Structures are given as structure tokens and as C-alpha cells.
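Those protein sequences? They're chains A and B, same order as listed.
Start counting the first sequence at 3; every next residue gets the next number (the working numbering).
Start counting the second sequence at 574; every next residue gets the next number (the working numbering).
Check before you lean on any hint, since a few could be wrong.
Result set (EDC-like, lysine to aspartate or glutamate): computed pairs, CA atoms no more than 20 Å apart in a straight line [said to hold, decoys possible]:
1. A/K276 to A/D297
2. B/K737 to A/D185
3. A/K261 to A/D345
4. A/K90 to B/E713
5. A/K342 to A/E277
6. A/K276 to A/D259
7. A/K75 to A/D55
8. B/K876 to A/E277
9. A/K121 to A/D140
10. A/K45 to A/D318
11. A/K136 to A/E194
12. B/K664 to A/D297
13. A/K295 to A/D318
14. A/K186 to B/D663
15. A/K342 to A/E93
16. A/K141 to A/D156
17. B/K876 to A/D140
18. A/K230 to A/D331
19. B/K876 to A/E194
20. A/K295 to A/D140
21. B/K876 to A/E334
22. A/K75 to A/D345
23. A/K178 to A/E119
24. B/K876 to A/D318
25. A/K347 to A/D297
26. A/K87 to A/D297
27. A/K295 to A/D345
28. B/K664 to A/D318
29. A/K335 to A/E277
30. A/K92 to A/E339
31. A/K178 to A/E277
32. A/K87 to B/D663
33. A/K352 to A/D331
In short, the hints are calculated from the structure, not lab data.
Fair warning: this is a prediction, and the values are worked out from it, not measured in the lab.
Spelled out, the chains give:
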Amino acid sequence: MKARIVEVSCLALSLACLSMPLTAAAGEITGAGATFPYPVYSKWAEAYKAQRDLSLNYQSIGSGGGIKQIEAKTVDFGASDMPLKADKLKEDGLVQWPMIMGGVVPVVNVQGITAGEIKLTGAVLADIYLGTIKKWNDKAIAALNKGVKLPAQDIAVVHRSDGSGTTFLFTNYLMKVSKTWADKVGNNTSVEWPVGIGGKGNEGVANFTAQTPGSIGYVEYAYALQNKLAYTMLASHDGAYLSPSSSTFQSAAAHADWKNAPGFYLVLTDQAGKESWPITGASFILMHTSQEKPDRALEALNFFAWCYTNGSKMADELNYVPMPQAVIDIVEKTWSEQIKSADGKTIYTK
Amino acid sequence: MEETAPAGTMASRNSNAFDQAKVPAAQRPRLVAFGSGFEPVFGLASRAAALLVVLVMAGIFATLCYQSFPAFKTFGLPFIFNSSWNPVTDKFGALPAVTGTLITSIVAVVCGAPLALGVAFYLNELCPFRLRSILTTTIELLAAIPSIIYGMWGLFVLVPIMSKIIQPAVINALGPLPLIGAFFQGPPFGIGMLTAGLILSIMILPFIASVSLQAFATVPVALREAAYGTGASVWEVCYRIILPYTKTGIIGAIMLGLGRALGETMAVTFVIGNAHRIQMSLFAPGTTISATLANEFTEAFGKMYLSSLLALGLILFAITFVVLVITRILLHSANRKIPV
């Protein structure tokens, strides 16, 4: 009985810890948030530390947690895969910018089907996730895949069970290509899924997909490669069937109009362009516009500037897409214009 | 090892009672370590420690109530009976998580309790003396395995077995039947309510077994020997003597197992499928309160979402509390039967 009480209180305590501020130690910059860019952030941090002797403490607690932590001012920067709208940024005194891009890919586990063998359109993908297409040999799928032998198997839909930026991008795409999806389900980091089983994290979805015969899931590109999952081809906005790759992600990024996006609020799904992978997204960094400790803020901004100039190759190796130079220029201009010390002085100058 | 504490505390309490009854106060050894000046300090310190436990408990309860207030205020009591869980529209209801919690726990008890009682009967009546200590240690070890290990084992070993062998067979055999068929239909994904319940049944087995053993020890030796003396078989002794005599103790043991199954988090999260839907089939994915909290707490945007999660926590707190109170009452009345 006592063990039970101990256990219950442990659970409650650990829950309390999750919402407790993460305290920052001196001599390092701290950040918290999205899990999706974590591998590349930690690689950058390692390389930067070797050169400049400044360590970065990044806690990959999820985009929601990152936003909460930066609002509570317990970290130097927050990270989120879901951009905040311009008015929300203003309300909280925050500025955001895109740091890195990546792609979300549908993956399948159907006997005899290899990577890139199945073609899907956004509408069909939405119908599968709505539960209206139930079998792999459904007419709608067969029509797109003439010559591919599809089994009369139930489709096991796999989605994320935790709130996530990956889900935000995926549902954002489905919302844009399917009116039924927009009306019935919507777009968020976590939604009310009409069908399917939920796996925790990209790993969870990858595992369930690899293990369940007849399954379809969606993961960040790197996880599809690591787990050797069969990705599908997907119709771009302009109707061409594409395979996921750095170049198709880059193409989607190139069509993005960052200049005219207030507060960098831009979701890169379903971009125009023949070669644009339709489920591409950026991961964002959040900082306060008014900094009580300007020297710490400068350290953080210097780190990000270093990542923009020196981090492209490392990002490439991990299958992320670095930001184009034109965007970097606007971002650095934003830093100079918007991030000020408490007495109104500009912190970052190029 | 903290999980084995219930059995341990009871055993020591019993032996204390025994010691104190037998040994007169004057003959009991007195330990004076720091002289009498230390006595009040020690008394105060131990009192403070005890008080702290109560305060922590009250604090957790108060926090849960306070934080879940916005959810209950917005959704009212229907929060408990509403089956929608939609972070997009900020509409939340607890029913899928509550039913999932209850169903998996009931499956766990239905599968785990007979197994645990079998183990306990074997250890108590049939087991050779040498094997006994090995078996007892094994059962204790079962309780010491961290729940995440059960989760991983469940996902990588049990789930493929379920989806390839057990579920297709059961779906073919029982699926077409009227009434009960509905519980065994749908595609065999391997994960789901039944798989979660099975893992839970293994996890609660050591608790039920060890507390049942404690209860069996209260059966007067004279009763058992008299039964064997009149020619009763082992089955008859178990069924006619031990079981009726320790009925409340066993129910208490089962309730203790139930209490543990209700709150189990990681192992369930791995294999239940994490879907906020209520479905008839035991093979369908579902969710439990603790799995929902583990999955969604870190990325819960907005006040209502967070408050609803904490409201779920409060409901779990209440369910577990009720189960524990019932356990307490049953075990208490069972303990009073100890022969002097």
C-alpha cells in the first residue's frame, strides 16, 4: 500500500518537474523544444563547442514544451516545428525565425512493395487516414498504381500518439488537399484521429509500421532511411510524382515566400513547383524581443549565425535542408531590428 | 524493490505483534545510543517525516484539483461521459481513457489472478522445500523488473506473436459467434486492449501471489491437518478450507493488483495503440488515463488541453484511491483472523 502511495507521488512529482523551469547554468546557452531538429542541433553544438568553447544545452522536450519554456523565460531560446502566428508573437513579446528544414514522408509495410513503388496523391492519403479507404487493393489506390500487385489486406493506419511538429506538418498537408479532412479533423500538433493506432515519437511510428503487416505511417525522412522503411511516392502540388530527397525538399523551400510572411509564419506544405515535395516544413527558433541579459542573447545569436554559415554540410549529412542564403539575410536583419536589450539597444549587428 | 513493500510491511507488523505479546516489556532490549538528550530530537524528526508524507499527499491532491478546475468548469460533469478528445477544437472528454483504463485492468485481473492463485497454492501446499525459495525469489524478481522493460518486451515479442498467431486464430474461431463475437473482431494488428491487459496481468501477478501467500499463512495449521487427516485431497484442502478461510485476504490481494494495473503507464503506452476511441473489440487500439498523460503532457498546447489532462489525472487519483480504500478494509479484516 505504501509502495503504491510512493509510486503515485513519484508520478505526480515527475509531472510537476516537467512543468518546472529548467534552470540555466553559467557559461552556456540553454534552449528547449522540438524533437524533430534535435539531431542536427546537437551536432552543431558539438562542433561549435570545439571551436568557440561555448556549450549549448538543448532539451528536446517537444515543441509545446519549448514554447512554454520560452514564455516562462527559463531558457535563452525555444524551438518549435509549429510556427506561432504574428499576433501571438506580438502578444508574448517573441520573435521567431526558421532554422532548418526537413521533410515528412509516408512509409508503408506491404508485402512485396519496395521503397518508391507505390504512388499516392494527397487526396488518397487523406482518405486512408480518414478510414474511407480500408483495403490496399481499393480502387482509388489501384488506379494510381497500374501494374503493382496490391493485396486484399486491411490497411493499418499508424499515427503519432504524442503531440508533435511532424503531425502538425502532416495534418496541415492533408487539410490543404482534402476538404473532408479540413472539416472533420483539422490541423494541429495532435488531432482526433478517425482511425489508426498511435506510436510515441518518430521511433514509435517507425516501429509500428515496420512490425505491422499492411501498415502505413508517416515519419521524418531521416527515420525512414534509418529504419529502412519503404516510403511512397507522392504527387506534388503540380501533379508530378516525386520521391522524397534533399533536392525535392529544397525545391519546396525555394518556392517559399519568406519575405512576405509576417513573423516568418509560413508552413511549407503543398508548395507550388513540379519538384516540390509536398510535406516539407521548417523548424523555428523563438526568442524574446526584449532581453534582460543582452550578452547571453548575443552568444545565442552568434551561435545561430555560425550554424547558418558553417552548418550546411552537417545538416545535409543528417538529411535536413539548410536555409537558403536569401532567407538567412532576412533573418539576420530581423535579429538586428527586433531583438533589443532592456534599454532598447540593438544586440546583434552583422 | 519498493513494490514488494506491502508484503514486507505486513509481515513485520505481524511479527512485531507476536514479539510484543510474548516478551514482557521489562525484558525487551533497550537501545540507548546518544543518551536521553537525543530522544526529543529524534521524536521530532520522525514526526516531521511522517507529517511531510501527509503534506505531499495533500499538496498533490490540491494541485490536481486546482489545475483541473478550468476543465471541469468548462465541460462540467459530462467531461467524464464525453467520448471526444479533440485538441484542434479544444473539446475534451474522459470516457475513452476511463473505459480503456478499466477494461485493461479488468482483463489483467481476469487473466492474472487465477495464475497468481495457482502459484500461491503450489507454493503453499505442493512445492518441495528447496524449490520454494527459488520460486519465491523468481516471483519477487518479476516485481522488480522496470515497467519499461515489460513495454519493450511486449512490443517486440508479444505483439508479433499476437498479430501472427493468436489474434488470427481467435478472430476465426470466436469472431463469427453471436454476442461475444463482437469482442474478437477486426484486423489483427497485435497491439490493443487485450495485449495491454495480458502484459498487465504478468506485472500484477507477483503482487497478488505474495499477498495471497501472506493470507494463506493465517490458516490455522490444525484446520489443514484435520482436513488432510480426514482424507481430503490437496484440491479439497485448497478449495474447501484455504479459499473460504482467506476469502477476504484474496480479494484484497486482487484489489491490490487491480490498483497497480490501473496506474501502470509505460508498458501500456507501448502496446495499447493510443487511440481515443471506444470500440467493442478487445483487439482494437485504445488508450488509458496514464498512457494519455505520458503521451500528451509535454506537447499540450493551451490551458484547456493541459487542464483536461490534469482532470484525467484527478479521475485516476480518485479511482485508485477508492480501490486502495477497499483493499485496506479487506486486508485489515483478513489480518484480524491471525490466530494468537
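Evaluated hints:
{"no.": "1", "hint": "A/K276 to A/D297", "verdict": "violated (45 Å)"}
{"no.": "2", "hint": "B/K737 to A/D185", "verdict": "violated (37 Å)"}
{"no.": "3", "hint": "A/K261 to A/D345", "verdict": "violated (29 Å)"}
{"no.": "4", "hint": "A/K90 to B/E713", "verdict": "violated (54 Å)"}
{"no.": "5", "hint": "A/K342 to A/E277", "verdict": "violated (40 Å)"}
{"no.": "6", "hint": "A/K276 to A/D259", "verdict": "holds (16 Å)"}
{"no.": "7", "hint": "A/K75 to A/D55", "verdict": "violated (24 Å)"}
{"no.": "8", "hint": "B/K876 to A/E277", "verdict": "violated (40 Å)"}
{"no.": "9", "hint": "A/K121 to A/D140", "verdict": "holds (13 Å)"}
{"no.": "10", "hint": "A/K45 to A/D318", "verdict": "holds (12 Å)"}
{"no.": "11", "hint": "A/K136 to A/E194", "verdict": "holds (18 Å)"}
{"no.": "12", "hint": "B/K664 to A/D297", "verdict": "violated (43 Å)"}
{"no.": "13", "hint": "A/K295 to A/D318", "verdict": "violated (33 Å)"}
{"no.": "14", "hint": "A/K186 to B/D663", "verdict": "holds (14 Å)"}
{"no.": "15", "hint": "A/K342 to A/E93", "verdict": "holds (16 Å)"}
{"no.": "16", "hint": "A/K141 to A/D156", "verdict": "holds (14 Å)"}
{"no.": "17", "hint": "B/K876 to A/D140", "verdict": "violated (42 Å)"}
{"no.": "18", "hint": "A/K230 to A/D331", "verdict": "violated (37 Å)"}
{"no.": "19", "hint": "B/K876 to A/E194", "verdict": "holds (18 Å)"}
{"no.": "20", "hint": "A/K295 to A/D140", "verdict": "violated (60 Å)"}
{"no.": "21", "hint": "B/K876 to A/E334", "verdict": "violated (33 Å)"}
{"no.": "22", "hint": "A/K75 to A/D345", "verdict": "holds (18 Å)"}
{"no.": "23", "hint": "A/K178 to A/E119", "verdict": "violated (25 Å)"}
{"no.": "24", "hint": "B/K876 to A/D318", "verdict": "violated (38 Å)"}
{"no.": "25", "hint": "A/K347 to A/D297", "verdict": "holds (12 Å)"}
{"no.": "26", "hint": "A/K87 to A/D297", "verdict": "violated (28 Å)"}
{"no.": "27", "hint": "A/K295 to A/D345", "verdict": "holds (11 Å)"}
{"no.": "28", "hint": "B/K664 to A/D318", "verdict": "violated (41 Å)"}
{"no.": "29", "hint": "A/K335 to A/E277", "verdict": "violated (30 Å)"}
{"no.": "30", "hint": "A/K92 to A/E339", "verdict": "holds (14 Å)"}
{"no.": "31", "hint": "A/K178 to A/E277", "verdict": "holds (18 Å)"}
{"no.": "32", "hint": "A/K87 to B/D663", "verdict": "holds (18 Å)"}
{"no.": "33", "hint": "A/K352 to A/D331", "verdict": "holds (10 Å)"}
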